[in-house]
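Residue numbers (the numbering used here), protein chains in the order written: chain S, 1 to 141; chain L, 1 to 178.
If you are wondering where the hints come from, they were derived from the structure by calculation, not from laboratory data. Heads up, some of the hints might be wrong.
[As the list claims (entries may be wrong)] Listed next, with one range per pair, are the computed distances between beta-carbon atoms:
| no. | chain 1 | residue 1 | chain 2 | residue 2 | range |
| --- | --- | --- | --- | --- | --- |
| 1 | L | Val160 | S | Gly78 | 35 to 45 Å |
| 2 | S | Gly130 | L | Thr163 | 17 to 27 Å |
| 3 | S | Leu102 | L | Thr163 | 32 to 42 Å |
| 4 | S | Asp66 | L | Ala7 | 43 to 53 Å |
| 5 | L | Arg25 | S | Arg126 | 53 to 63 Å |
| 6 | L | Arg126 | S | Cys51 | 14 to 24 Å |
| 7 | L | Ser21 | S | Leu116 | 41 to 51 Å |
| 8 | L | Val177 | S | Ser80 | 37 to 47 Å |
| 9 | L | Gln78 | S | Thr106 | 28 to 38 Å |
| 10 | L | Leu9 | S | Ala36 | 48 to 58 Å |
| 11 | S | Thr55 | L | Pro38 | 26 to 36 Å |
| 12 | S | Ser65 | L | Leu9 | 25 to 35 Å |
Here a beta-carbon is modelled for each residue, glycine too, at the ideal position from N, C-alpha and C.
This is what each chain is made of:
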Amino acid sequence: MSAWRAVLIAAALTLAVAGIVRGEEPPPEFADPVLAARYEALTRELRCLVCQNQTIADSHATLASDLRREVREQLERGASDDEIIEFMTARYGDYVLYRPPLDATTLLLWAGPFLLLGLALAVWWRVVRGRAVTDAGGDQR
Amino acid sequence: MKWSALAPLLALLLLAAALWSGLGRDPTFVPSPLIGRPAPQFDLPTLADPTQRITSADLRGEVTLVNVWGTWCGGCRQEHAVLLGLARDGVRIVGIDWKDDAAAARDWLRQLGDPYAMVAFDADGRVAIDWGVYGAPETFVVDRNGMVRDKHVGPLTAEVVATRIVPLLAALQKESVR
Chain S
1 MSAWRAVLIA AALTLAVAGI VRGEEPPPEF ADPVLAARYE ALTRELRCLV CQNQTIADSH
61 ATLASDLRRE VREQLERGAS DDEIIEFMTA RYGDYVLYRP PLDATTLLLW AGPFLLLGLA
121 LAVWWRVVRG RAVTDAGGDQ R
Chain L
1 MKWSALAPLL ALLLLAAALW SGLGRDPTFV PSPLIGRPAP QFDLPTLADP TQRITSADLR
61 GEVTLVNVWG TWCGGCRQEH AVLLGLARDG VRIVGIDWKD DAAAARDWLR QLGDPYAMVA
121 FDADGRVAID WGVYGAPETF VVDRNGMVRD KHVGPLTAEV VATRIVPLLA ALQKESVR
């Protein structure tokens, strides 16, 4: 066996083992590219509940894989994106969404940053104006 | 002193209170939208005999704990003695064996003891998804009308049972069947 062949076989084995170790499943094949794009988008919107900083598209957790299967099968059955999101939130709550909907309980979450920005601007304005008044007062001495 | 001089202190206290209240919270806890709603429908083979079925109708009529477990789950081994204790006290526990090896699961019950009135075998994890399960063990309290009334995530401990499960079971026993 030539040295080159040995190197090639070793490289192929390494790649194969790496694939097994990472537990990668083959990406689902959709005949329809539109379905494939919707699958891609949906799995990036949904949070993996076991490893909460990953989407179900990124996660190798078993549950994420089960949820991907669910998304795939529902897409193939002709479910709309909204129906699939509704299916997930009925079971896991808004928590499963990376972008929670705007409602009474999440109002503070969505409005909070703007409120804080407004507060900071108000404080900044008062400080600056206060300084201007003091300076003006100094001139009149 | 002007009142507005106190504003930064007030803001600091508010922030401290908000952060303090967050300290005791478990960031991985996911509240279940199922509480107060009918238990999800299911129809699964039993672990003991794959030719027998167990369905959500089996949850009606009696207050039941639904415990999701698997032999691959460390926390399940940890809580097993607590489940055995509850079963001894007459609590009806229905198991959902989640994505497990049936032979290993039957061995587990033979060796550690069987606290379950019956066990549903959820081989592909679809029923677990319907129940919003994200990590075993999880335990649901289902009332006599088949409504989910509470959910505990993680191993049941003697403390959780004494402070939360037992009082709730006692209250639910007093409720009438609709």
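Outcome of the hint check:
no.: 1; hint: Val160/L <-> Gly78/S: 35 to 45 Å; result: holds, 43 Å
no.: 2; hint: Gly130/S <-> Thr163/L: 17 to 27 Å; result: violated, 54 Å
no.: 3; hint: Leu102/S <-> Thr163/L: 32 to 42 Å; result: holds, 36 Å
no.: 4; hint: Asp66/S <-> Ala7/L: 43 to 53 Å; result: holds, 51 Å
no.: 5; hint: Arg25/L <-> Arg126/S: 53 to 63 Å; result: violated, 35 Å
no.: 6; hint: Arg126/L <-> Cys51/S: 14 to 24 Å; result: holds, 21 Å
no.: 7; hint: Ser21/L <-> Leu116/S: 41 to 51 Å; result: violated, 18 Å
no.: 8; hint: Val177/L <-> Ser80/S: 37 to 47 Å; result: holds, 38 Å
no.: 9; hint: Gln78/L <-> Thr106/S: 28 to 38 Å; result: holds, 35 Å
no.: 10; hint: Leu9/L <-> Ala36/S: 48 to 58 Å; result: holds, 57 Å
no.: 11; hint: Thr55/S <-> Pro38/L: 26 to 36 Å; result: holds, 30 Å
no.: 12; hint: Ser65/S <-> Leu9/L: 25 to 35 Å; result: violated, 51 Å
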